[in-house]
Amino acid sequence: MLLARARNGDQHAFAVLVERYGDMVVSLCFASTLNTADAEELTQDVFLAAWRGLPHFRGDAAFSTWLFRLARNACIDRSRRNATRPRSVAIDDMTGAASPAIDDAARLTAQRIMQLAGTLSVPLREAVLLRDLQGLSYEEIAAMQEVPIGTVRSRIATARSSIATALDES
Amino acid sequence: MSHASDQQLSMFIDGELSATSRATVAAHLAGCPACAERHERLVDVAASLRILPAVRWTPAATAATIERCQQPPVAAGRVSRGVLAALALAVLAAAALSTTWLSALLSIARSAAATALVVLPLGPAGGAANLWILLATAILAPLAALTLARGHRR
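Protein sequence lines, in the order shown, are assigned to chains A and B.
The first sequence runs 1 to 170 under this note's numbering.
The second sequence runs 1 to 154 under this note's numbering.
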């Protein structure tokens with residue numbers, strides 16, 4: 001009903017969909033960009049594309065599947081544009097917003113791990129950040145990446161392993 | 001059990017193993033210092049990320065998104081380079097079909113001027129492409145006119 005109303009141009013219905021899926025889409029966009037401002041802007045772009053594309057959405061797949069596909073494509077387009085016009089990627093320093101009870105050593109380690117996550121391939125980075133930073137379940141990550149859960153398990157394990165090895169070597 | 005793989009340890013950390021597998025890995029970790037050490041390393045990675053604040057979508061972000069949805073799509077402000085080139089060539093082809101070669105040259109000159117008036121106002125972003133189109137027109141058009149004029153005289 002909500003989707004049908006949104007397809008008919010009901011912006012209030014679409015706003016509910018935006019609220020419902022906003023966290024997941026911004027999570028995916030942040031895992032790709034590692035920058036909160038970029039992730040929010042990209043998420044807005046995704047929902048704008050969804051709003052304009054809704055009249056053409058046939059319903060062959062679930063709305064969430066279609067939306068996550070739009071988000072992944074937007075992230076890919078953004079990273080390609082950044083690759084051809086290199087710019088310094090501002091990985092958020094998120095340690096400032098971490099709990100004050102966390103000691104400085106833990107903050108530095110967390111920031112270092114974020115930087116190392118930035119060196120991973122996008123699928124691995126997405127999987128581990130969606131799990132450990134954003135708190136999504138394996139099922140949710142599988143739906144967002146449109147891969148089997150086994151692939152998600154493998155990606156998360158490989159990402160953690162790579163980061164752990166890099167930390168040991170540094 | 002041989003050493004636990006990183007995938008088994010990662011799934012163990014996340015509670016993704018079956019009860020039987022979980023018990024097997026737990027028993028192995030209790031007796032294998034190397035795997036226990038590796039397990040701790042992977043736990044540290046996961047735990048370090050979990051102390052950072054998750055990125056969250058806000059009601060303000062939803063409102064801003066809906067506001068953007070209410071704006072009409074931005075009209076295409078620039079004609080594609082392909083369309084420009086096709087227009088320029090079509091105009092010049094028509095000019096080159098003139099029966100005399102002087103008349104053809106004059107037509108080409110008029111066409112080039114008209115093309116410039118169409119092309120140049122598109123702004124600095126398309127300026128370089130527009131200049132190339134104009135230059136190509138200036139070189140190719142007289143050649144086309146000469147060829148057609150010679151063919152017409154025979």
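Since the hints were made in silico from the structure, they are not lab data.
Honestly, I wouldn't trust all of these hints.
[Claimed, not checked] Which residues of chain B face chain A? A partial, calculated answer using Cβ under 7 Å:
hint, residue
1, M11
2, W57
3, I66
[Unchecked claim] Below, a sample of chain A positions facing chain B; criterion: calculated Cβ distance under 10 Å:
hint, residue
4, V26
5, S27
6, F57
7, L133
None of the values given here were measured: they were computed from a predicted structure.
Positions of the beta carbon are idealized from the N, C-alpha and C atoms, including for glycine.
Verification of the hints:
1. M11: holds, 6 Å
2. W57: Status holds, d = 3 Å.
3. I66: Because about 5 Å separates I66/B from the closest Cβ in chain A, which is inside the 7 Å limit, the hint holds.
4. V26: With a closest approach of 5 Å, the V26/A hint holds.
5. S27: holds, 6 Å
6. F57: violated, 15 Å
7. L133: Since the shortest Cβ distance to chain B is 5 Å, the answer is holds.
Violated hint for the displayed structure: number 6, the only one.
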